[in-house]
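Peer 1: From first to last, the protein sequence lines stand for chains A and B.
For the first sequence, the working numbering gives the first residue as 6, with consecutive numbering after it.
For the second sequence, the working numbering gives the first residue as 554, with consecutive numbering after it.
Simulated from the structure, these hints should not be mistaken for laboratory data.
The model shown is predicted, which means the values in this text are computed figures rather than measured ones.
Each residue gets a CB set at the ideal place from its N, CA and C atoms; glycine is no exception.
Just so you know, not all the hints are guaranteed correct.
Pairs of lysine to aspartate or glutamate residues, derived as DMTMM-like cross-links and limited to a Cα-Cα distance of at most 20 Å, are as follows [stated by the list, open to error]:
hint, chain 1, residue 1, chain 2, residue 2
1, B, Lys-641, B, Asp-820
2, B, Lys-738, B, Asp-665
3, A, Lys-225, A, Asp-242
4, B, Lys-628, B, Glu-606
5, B, Lys-667, A, Asp-312
6, B, Lys-919, A, Glu-192
7, A, Lys-167, B, Asp-745
8, A, Lys-307, A, Asp-242
9, A, Lys-284, A, Asp-137
10, B, Lys-738, B, Glu-700
11, B, Lys-667, A, Asp-72
12, A, Lys-307, B, Asp-820
13, A, Lys-115, A, Glu-182
14, B, Lys-919, A, Glu-305
15, A, Lys-149, A, Glu-124
16, A, Lys-225, B, Asp-622
17, A, Lys-149, A, Glu-192
18, A, Lys-60, A, Asp-137
19, A, Lys-60, A, Asp-242
20, A, Lys-307, B, Asp-684
21, A, Lys-96, A, Glu-124
22, A, Lys-307, B, Asp-762
23, A, Lys-167, A, Asp-134
24, B, Lys-919, A, Glu-268
25, B, Lys-705, A, Glu-184
26, B, Lys-667, A, Asp-242
27, B, Lys-667, B, Asp-762
28, A, Lys-167, B, Asp-820
29, B, Lys-667, A, Glu-305
30, B, Lys-664, B, Asp-684
31, B, Lys-664, B, Asp-762
32, A, Lys-307, A, Glu-150
33, A, Lys-12, A, Asp-52
34, B, Lys-705, A, Glu-244
35, B, Lys-871, A, Asp-72
36, B, Lys-664, A, Glu-192
Derived coverage of chain B by chain A (criterion: at least 3 residues anywhere in the stretch with Cβ under 8 Å from a Cβ of chain A; other residues may be distant) [unchecked claim]:
hint, segment
37, 567-575
38, 607-615
39, 772-778
40, 947-954
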Amino acid sequence: MFGYYFKLALRSFKRNKVLTALMVLAIALGIGASMTTLTVFYVLSGDPIPQKSGKLFYVQMDPATMDGYVAGEDPQSQMTRFDSEALLRDKRGDRQAMMSAGGLAIQPEKQGMTPFTVESRYTSSDFFDMFDVPFAYGQGWGVKEDEARERVAVITKDLNDKLFGGNSVGKSIRLNEHEFRIIGVTEKWRPTPRFFDLTQSHYGEGEEVYIPFSTSRALKLGSSGDMTCWGDEPNDDPEGSNGLNAPCAWIQYWVQLDSAEKEAAYRRYLINYSDQQRKAGRFERPTNTRLSNVMTWLDENKVVPGDVRLQTWLAFGFLLVCLLNTVGLLLAKFLRRGSEIGVRRALGASRRAIFMQCLVEAGTIGIAGGILGLGLAMLGLWAVRQQPSDYASLAHLDPVMLVTTLVLAIVASLLAGLLPAWSAMQVTPAIQLKSQ
Amino acid sequence: MDIRPILSTLLRHKTAAALIVLEIALSCAIVCNALFLIGNRLERMQRPTGLAESEIVRIRVNGISRNEDAAAVTKADLAALRGIPGVKSASASLQVPFGGSSWNSGVRLGKDQKISNLSLSTYMGGPDLFDTLGLKLIAGRQFQQNELIEWKTLQGPGFNGNIPVVLITKAVADKLYPGQDPIGKGFYSWGDDPHRVIGVVDTLVRPNDNDGPAANGYSAIFPVNLTYESGNTYLLRVADPSRRDEIMKTALKVLESSGPTRIIPEDDAKTFETMRNEYYRQDRAMAWMLGVVIVALLVVTALGIVGLASFWVQQRTKQIGVRRALGATRGQILRYFQTENFLLATIGIVLGMLFAYAINQLLMGKYELPRLPLIYLPVGATLLWLLGQIAVYGPARKAASVPPAVATRSA
Numbered sequence: 006m007f008g009y010y011f012k013l014a015l016r017s018f019k020r021n022k023v024l025t026a027l028m029v030l031a032i033a034l035g036i037g038a039s040m041t042t043l044t045v046f047y048v049l050s051g052d053p054i055p056q057k058s059g060k061l062f063y064v065q066m067d068p069a070t071m072d073g074y075v076a077g078e079d080p081q082s083q084m085t086r087f088d089s090e091a092l093l094r095d096k097r098g099d100r101q102a103m104m105s106a107g108g109l110a111i112q113p114e115k116q117g118m119t120p121f122t123v124e125s126r127y128t129s130s131d132f133f134d135m136f137d138v139p140f141a142y143g144q145g146w147g148v149k150e151d152e153a154r155e156r157v158a159v160i161t162k163d164l165n166d167k168l169f170g171g172n173s174v175g176k177s178i179r180l181n182e183h184e185f186r187i188i189g190v191t192e193k194w195r196p197t198p199r200f201f202d203l204t205q206s207h208y209g210e211g212e213e214v215y216i217p218f219s220t221s222r223a224l225k226l227g228s229s230g231d232m233t234c235w236g237d238e239p240n241d242d243p244e245g246s247n248g249l250n251a252p253c254a255w256i257q258y259w260v261q262l263d264s265a266e267k268e269a270a271y272r273r274y275l276i277n278y279s280d281q282q283r284k285a286g287r288f289e290r291p292t293n294t295r296l297s298n299v300m301t302w303l304d305e306n307k308v309v310p311g312d313v314r315l316q317t318w319l320a321f322g323f324l325l326v327c328l329l330n331t332v333g334l335l336l337a338k339f340l341r342r343g344s345e346i347g348v349r350r351a352l353g354a355s356r357r358a359i360f361m362q363c364l365v366e367a368g369t370i371g372i373a374g375g376i377l378g379l380g381l382a383m384l385g386l387w388a389v390r391q392q393p394s395d396y397a398s399l400a401h402l403d404p405v406m407l408v409t410t411l412v413l414a415i416v417a418s419l420l421a422g423l424l425p426a427w428s429a430m431q432v433t434p435a436i437q438l439k440s441q
Numbered sequence: 554m555d556i557r558p559i560l561s562t563l564l565r566h567k568t569a570a571a572l573i574v575l576e577i578a579l580s581c582a583i584v585c586n587a588l589f590l591i592g593n594r595l596e597r598m599q600r601p602t603g604l605a606e607s608e609i610v611r612i613r614v615n616g617i618s619r620n621e622d623a624a625a626v627t628k629a630d631l632a633a634l635r636g637i638p639g640v641k642s643a644s645a646s647l648q649v650p651f652g653g654s655s656w657n658s659g660v661r662l663g664k665d666q667k668i669s670n671l672s673l674s675t676y677m678g679g680p681d682l683f684d685t686l687g688l689k690l691i692a693g694r695q696f697q698q699n700e701l702i703e704w705k706t707l708q709g710p711g712f713n714g715n716i717p718v719v720l721i722t723k724a725v726a727d728k729l730y731p732g733q734d735p736i737g738k739g740f741y742s743w744g745d746d747p748h749r750v751i752g753v754v755d756t757l758v759r760p761n762d763n764d765g766p767a768a769n770g771y772s773a774i775f776p777v778n779l780t781y782e783s784g785n786t787y788l789l790r791v792a793d794p795s796r797r798d799e800i801m802k803t804a805l806k807v808l809e810s811s812g813p814t815r816i817i818p819e820d821d822a823k824t825f826e827t828m829r830n831e832y833y834r835q836d837r838a839m840a841w842m843l844g845v846v847i848v849a850l851l852v853v854t855a856l857g858i859v860g861l862a863s864f865w866v867q868q869r870t871k872q873i874g875v876r877r878a879l880g881a882t883r884g885q886i887l888r889y890f891q892t893e894n895f896l897l898a899t900i901g902i903v904l905g906m907l908f909a910y911a912i913n914q915l916l917m918g919k920y921e922l923p924r925l926p927l928i929y930l931p932v933g934a935t936l937l938w939l940l941g942q943i944a945v946y947g948p949a950r951k952a953a954s955v956p957p958a959v960a961t962r963s964a
């Protein structure tokens, strides 16, 4: 039966080429626009580390003075160095790492290369295992290197190839005029979004050099990213706002907790810690600690750009208009065939059969529109990739979105076909036959 | 023309008529809002910065070593830069509009006040910076050399935050001291002592929009003798904008050949106009995308109107023939369909205005957009009326050309 309806649909298209083309085009335009924006939205709002995003938690507390305190507000978005180092020493999670971004100058030894700056990350040893960073050569450093403030570095494969070519583990690299030993080279790693430090570009390429946080402090290297300071006390720390006791929040602190019990225990631990700091007079504000897993943290920070959300809404509005358009055209098409339907009904076709036949025709238009729409979506994504935003290069159609496109097209066209098919099924054979 | 027969015909084709009305309404709503969004973006891109935009060049310089005497290096650099023919003035800067990073600070009017009155962006510099940016002083005076604090002192341990004088923008003055003379007034931001306002700058925007559009003009300048490492930035002001690129290249060479080994990325040396263009690229892209959607939407709607109108014409061929046989002129038939479309479009537009308003309410809540100005409604309405008339013209003409003889044929 289905095959027969399909054949009828194709025959009807041939009879009304312009009208059919219009419908296919309308659906294709709507699908193309909505799938372009939906793909961008999907890429940007995805889970950056799906295998363990539920086990990784971002830690926050409220160490600021009472100045400007408003009850119920969110705690500081980053941690102080003092609290981060204290939590790191306690080691209450399965894994934990403190981190900050920094810019480093590389003076290459290779002939003919001038010095250049790279973005880098100062962090502690668990970073690599906790975030499943893949290694091409060597590995990350351990607690021993953290404690000894050793001058070791992990670099990316791209930087490795640019500076050395081949395996650079064991070689040395000059960072801000200090000699570092390379102990690991990471494979391409680009979590999207770059969840672990939202003060940096959310979708950028990321850092190229990793060194121990303790070493970065021993060498007084500058940090980058957001920093919030408070209090009026003169700061006597020779390291300024990067000092251990500086009243400044600039560190991201992540912890891995493998079970719900551990999570609950860690929450209690944070409250305890904060209470103790209050008692000791370091914290002034009421205890306000947070532990957010990856997806919650991303949601709270609204990482998907507002423009992308707006474009997605707009595209679906456009799809809706395209569908309304298709409903109207399908209605015109089916009713124009009133007499044909009348004959079929008179010859014994049930209303259900007419309804099915019309839906098959609508669905076929949907498939055609979907395929054309897929092409338009690819064109649209190509256009997105030419844009200046940091997420531009990520805009690609993956198999999930490819299937979604076709499904959306068919579902949309079937929805558009419902009303016209229902009207067509109401055709009374007698009147149609009489007017012949 | 009597519209009663048209209405009664439409009533007999409720579904199809409703569909067209709905389509026009949705298009109208989306087009109004999209036009409004484009208007918003364009307005945003045209905000004045208060700077001599066409004459400024920015060069970024990153130091490697922390051991050198940065103040001395900076002095030598600036002298060399000013020596380049065509350079009017040069200065180090902590931050630049459209430059990305920014320094911000809360401002309180009272010493023991806990909540800030506003947050402003802190520029630092002296008369050099003032001249290089090309700022306009509208009240008070500029800094004097002896009021400038060394960057090293400012960053050093034990600095108490005492900066006695400050320049503010008119936007800050209007917000902090509405209706009063701001000169001589003091506010609190750094340290325990007030900063006294000695002058008011007409306009100086913040480096970025992170604090929202309303706070865009809130800036202050603190009197500081910067080093090139403070903001890793040198600014040049050239006498002749057409020589900017050439002077920029010379300046890069001058900096490379003097002072300690530093990283002076050539891609980061830009004219201020380039920085401005790059900053607004996203807005431009968004405006274009909205424009494309508007056009696509209008085309699809027009095609829908054409499709349904031709269907109706075909369906009513016999009636048209009868009307023609009874004496109706071609013009009357043409006007019948045109009026019919006008009626449908009008209902759609009225409904569309309500939708437009609803969508705007939604956007206002989600994206901090202002209310849709009423002017966009007649614009959208005219657009759709025109569109409807253009779309229906083809089918209506076809209807008008139906010969009266059709009436005599059977079927």
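Peer 1: Compare the structure with the hints numbered earlier in the document and write down the numbers of the violated ones, lowest to highest.
Peer 2: Numbers 1, 4, 5, 6, 7, 8, 9, 12, 15, 17, 19, 20, 21, 23, 24, 25, 26, 27, 29, 30, 31, 32, 33, 35, 36, 38, 39 and 40, in rising order.
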